[in-house]
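Student: Spelled out, the chains give:
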Amino acid sequence: MTQKKNKAVTKEDVVVKFVGDSGDGMQLTGNLFSDTAALEGNDLANFPDYPAEIRGPHNTVAGVSGFQVHIGKKVYSSGDLCDVLVAMNPASLKANLKWAKKGGTIITDIDAYDEKAIEKSGYTSNPLEDNTLQGYNVIKAPITTLTKDALKDLGLDSKTAEKSRNMFALGMMYFMFNWKQDIAFDFFAKKFKKKPALIESNKIALQAGYNYAETIEAISVTYNVPAAVLEKGRYRNLSGNIATAWGFLAASERSGRPLFLGSYPITPATEILMELAKHKSLGAKVFQAEDEIAGICSAIGASFAGSMALTTTSGPGLSLKSEAIGLAVMTELPLVIVDVQRGGPSTGLPTKSEQSDLMQALFGRNGECPVLIIAAQSPSDCFMSAYETAKLSMEHMTPAILLTDGYIGQGSELFKIPKVADLPKITPPIAAPNDPDYKPFKRDPKTLVRKWALPGTEGLRHRVGGLEKENITGNVSMNPENHQIMTDLRYNKVMKIADNLPDQTVFGNKEGDLLVVSWGGTYGAVHTAVEEMIKEGKNVSHAHFRYIMPLPKNTDKIFSKFKKIVVPELNSGQFVNYLRMVFPQYKYSQYNKVQGLPFNVSELKDTFNKIIKEK
Amino acid sequence: MEENLTVDRSRVPLTKEDFVSDQMVKWCPGCGAHAILASVANVFPKIGYRKENFCLISGIGCSSRFPYYVNTYGFHSIHGRANPLATGVKISNPHLSVWVATGDGDSMAIGGNHFIHIIRRNVDLNILLFNNQIYGLTKGQYSPTSPMGSVTKSSPQGTIEHPFNPGELVLGAQGTFFARAVDTNVKLMTDVMFEAAKHDGTSVIEILQNCVIFNDGCYVPITAKESREDNQILLKNGEPMIFGKNKDKGIILSKLGLEVVTIGQNGITEDDLLVHDQYSQDPGIHLMLAKMAPPYFPIALGVIRSAMFSTYDDLVEEQIKTAKSTSPIKSVEDLLNSGDTWEIK
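Chain order of the listed sequences is A and P.
Just so we're aligned, residue 24 is where the first sequence starts under this note's numbering, counting upward by one.
Just so we're aligned, residue 4 is where the second sequence starts under this note's numbering, counting upward by one.
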């Protein structure tokens, strides 16, 4: 290795983004890159960046598909700006240049820059020849030509050979990260078991890319990314939506309640529906309903009949489900509603992420209508969030909303595989046959939870419904005092869940100048910003909320120890206004962004630093 | 006919009293719903399932108070949503005998989408569609089945909408069972409910129901003593279609469609009449029968269609059984450890 002219740099984390046309295989390339990093022992987080169109017009910005990978010793998000941008055509360069770090490396296929492609991309002149790329380390590689040359002995047609361009580019990355090519060869062997010709062509293309990168002098930097310090155990790469589906399957198995999902496809939540539909061998019953309302109503019926019932959706679907959520609140049946949030209002930005459904989750129903609300913080955390939401919903006989978002739903990261037997027990309060004391709305005096009496059980026939119930008997009642009692009971039942919740934790000092309060999918960026500021000597701490309704019991105590509180959110200030309502004694600053984009660490640090300095 | 074997049968004979609820029945005196309730109380013990296995689901409207008045597991849900809710109940536990009480507002208007889809899927449950051609609970607005021109509180000059014929809607949505009864005939209602219970799939029973307050007499031509025999025909499987006061009228299938004929005139004999085949898979004649209405035709009552097709809930169970026997993933532990995983030591 000594003859190499480049220098190897050790870097705690690197962000790489692969971008190209929809058909260029960028998702596969990104996934292989990330899997390799994982096998090399790195921590990682990924984010696929699809166009809203299924197959956008060829060589245009609308047709660009991307995959961002953040690898390192410890990473909390898929990263802000990339250190390395691999752009397979001019349109993908045009769409993504703004995400490349100044001084970063850009690898691009010069063969893709013909006049027509440049024109279709929206560039007025060739960006490789004007000063568009000034300040970047640009590697202009003839990827298409070299890939075809390398594969010429295989007798492939030109189109098939061109399809391996992405593996040529990946080969260059393997060199850049000092990775063993065998890892990729193993992947090919597994991935293309049924198409042996592809194993060979991809292998040759990857080798060619590696050798090319080793030979040219243009690659001035190669990276050594230190292995992550991870807890012992078995790991895998997992996206948030799949983790959500699996968390529910685990909750179903542990609770003994069969899983029922009633759902209607909606971006970006559909993957949960598709994933659960695959697992009928675990007894999952998945019903693709005619609309969002039928989705939730079928789930309510299934819950009444004794299933662990779910419905999955995104913001517009949550709006449609509002009335039915009220029915589940009134009948006090367990039900989990997953809202994978996207940009709104209305159809909004279906493929982009936002945290703007919080108020809808809290208050978007008629009447006094409290539900349990939990928010997941990262792709892998969706597993335990789903598990816990299902557990609490069943144990406390209340509908619950699990908030995730498009960013963590579609992003992926390392997931430490738990032992299912080690997951917390789930004990739904199922009424025993012929229980002489059974009354539909008789409650456990401590938790205020009623019993779940399943149709088919001897001696427990009863009726529930959306009309106000008489306390204990559940008979219809329009009595004014009774309505007050029942309204209070329903609210207190949800608030009492806090008795079973762990204390809210604080990262950093337990008291100080500034507490950063966040919730949901912004965890990675906010945590990274605070961690960096602490390293820089700032007196700043971070409390990331998972339990939104009810809030953890020690929240007030935590807030009281800080001079200032700031709440950054990807909305116009929904959690901060909820906190202002619940704890009006504190003064809150807020930082908000609604661009369909995640927070950048740098913008957060700038904001927090400014707030600390303010008198 | 084979019985539905998926629901457990009662070990002891049941009676009406087993299904009496302790709630006061609050429908208006003279409302047709009372007779429907009596028919259900007749038929449930006769069907013979365990009383705990009956489940009654409703939406909103006068009809939807039904579950409170029958001692079964019951769910009074929200407007229009009884059908999807019942779908969830049945898929979740196929051992339940699920009954839906709904009305022409609940299932034809706000829940119209759910109505056609539950039928298309052929979920094995029974829908009692109370059709009184009016909105009763909100005090007298027109419904999707009110005849064109109906003067109601929300149509002072008469409606300008073409009404639905529920039978056409059911058959158009590929319904496998459709029966029609009138609220003045408890025996007929009981009989078709029994037939519905026997049928595997979504059974829709349209009950022509009088609303004494807001639409009194809407079915008088069909139900009045002096005219009913000429204006209704009771279909019986395997029997020629004969009706009329003097049992001398019949239905034939001519080149132009169905026709009313008089036996003995123009050389028509009983042998020329259409013989009812409720089990025919082809819905063509069933649709023509469902569309018949006075003044040119009698309205068809009884079981119009009862065709065998696979049910949604059976196929759900079948897919689960297949998956369980073929998938290598037998537990969540298997799932979590499937595919690419690695050990950090």
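These are calculated hints, taken from the structure and not from any lab test.
Computed from a predicted model, the values in this text were never measured in an experiment.
Keep in mind that the hints are not guaranteed to be accurate.
[As the list claims (entries may be wrong)] To give an idea of the interface, some chain A residues facing chain P are shown, with a C-beta separation under 8 Å as derived from the structure: (1) G285; (2) G329; (3) V487; (4) E491.
[Claimed, not checked] Computed list of lysine-lysine pairs in DSSO-like fashion (alpha-carbon distance at most 27 Å, straight line): (5) K442(A) to K239(P); (6) K97(A) to K125(A); (7) K255(A) to K303(A); (8) K54(P) to K465(A); (9) K96(A) to K121(A); (10) K294(P) to K239(P); (11) K324(P) to K462(A); (12) K203(A) to K348(P); (13) K327(P) to K217(A); (14) K216(A) to K19(P); (15) K303(A) to K324(P); (16) K124(A) to K143(A); (17) K216(A) to K239(P); (18) K255(A) to K333(P); (19) K171(A) to K143(A); (20) K303(A) to K294(P); (21) K301(A) to K324(P); (22) K327(P) to K303(A); (23) K333(P) to K439(A).
[Unchecked claim] Sample of chain A residues lacking proximity to chain P, with all beta carbon distances greater than 12 Å (derived): (24) K30; (25) Y136; (26) L151; (27) E152; (28) D153; (29) P165; (30) E223; (31) E240; (32) P249; (33) E254; (34) S275; (35) S304; (36) S321; (37) E346; (38) N600; (39) Y609.
Heads up, the beta-carbon is just placed ideally off N, CA and C, and yes, glycines get one too.
Student: Indicate, hint by hint, whether the structure satisfies it.
Tutor: Quick rundown of the hints versus the structure:
1. G285: holds, 6 Å
2. G329: Because about 6 Å separates G329(A) from the closest Cβ in chain P, which is inside the 8 Å limit, the hint holds.
3. V487: holds, 6 Å
4. E491: violated, 12 Å
5. K442(A) to K239(P): Roughly 62 Å between the alpha carbons, so the hint for K442(A) and K239(P) is violated.
6. K97(A) to K125(A): Answer holds: K97(A) to K125(A) is near 23 Å, not above 27 Å.
7. K255(A) to K303(A): Distance of about 32 Å is beyond 27 Å: violated.
8. K54(P) to K465(A): holds, 23 Å
9. K96(A) to K121(A): holds, 26 Å
10. K294(P) to K239(P): holds, 17 Å
11. K324(P) to K462(A): Roughly 36 Å between the alpha carbons, so the hint for K324(P) and K462(A) is violated.
12. K203(A) to K348(P): holds, 20 Å
13. K327(P) to K217(A): This hinted pair holds, its Cα atoms lying about 25 Å apart.
14. K216(A) to K19(P): Answer violated: K216(A) to K19(P) is near 65 Å, above 27 Å.
15. K303(A) to K324(P): holds, 8 Å
16. K124(A) to K143(A): holds, 25 Å
17. K216(A) to K239(P): violated, 62 Å
18. K255(A) to K333(P): Holds - the C-alpha atoms of K333(P) and K255(A) are around 26 Å apart, at most 27 Å.
19. K171(A) to K143(A): Since the Cα atoms of K171(A) and K143(A) sit roughly 24 Å apart, the hinted pair holds (cutoff 27 Å).
20. K303(A) to K294(P): violated, 42 Å
21. K301(A) to K324(P): Given that 27 Å is the threshold and the Cα spacing comes to 13 Å, the pair holds.
22. K327(P) to K303(A): holds, 7 Å
23. K333(P) to K439(A): Holds - the C-alpha atoms of K439(A) and K333(P) are around 20 Å apart, at most 27 Å.
24. K30: Holds: least Cβ distance 29 Å, greater than 12 Å.
25. Y136: With a cut-off of 12 Å, Y136(A) remains clear of chain P, as the shortest Cβ separation is near 36 Å.
26. L151: The assertion about L151(A) holds, with a minimum of 37 Å to chain P.
27. E152: holds, 42 Å
28. D153: holds, 43 Å
29. P165: Check passes; 33 Å lies beyond 12 Å.
30. E223: holds, 22 Å
31. E240: Correct as stated: the minimum Cβ-Cβ distance to chain P is 35 Å, above 12 Å.
32. P249: Given that every Cβ of chain P is farther than 12 Å from that of P249(A), nearest at about 14 Å, it holds.
33. E254: Nearest chain P Cβ is 7 Å from E254(A), so the label is violated.
34. S275: Violated, since 8 Å does not exceed 12 Å.
35. S304: violated, 3 Å
36. S321: violated, 3 Å
37. E346: violated, 6 Å
38. N600: Holds, since 30 Å exceeds 12 Å.
39. Y609: holds, 39 Å
Hints 4, 5, 7, 11, 14, 17, 20, 33, 34, 35, 36, 37 from the earlier list are contradicted by this structure; the remaining hints agree with it.
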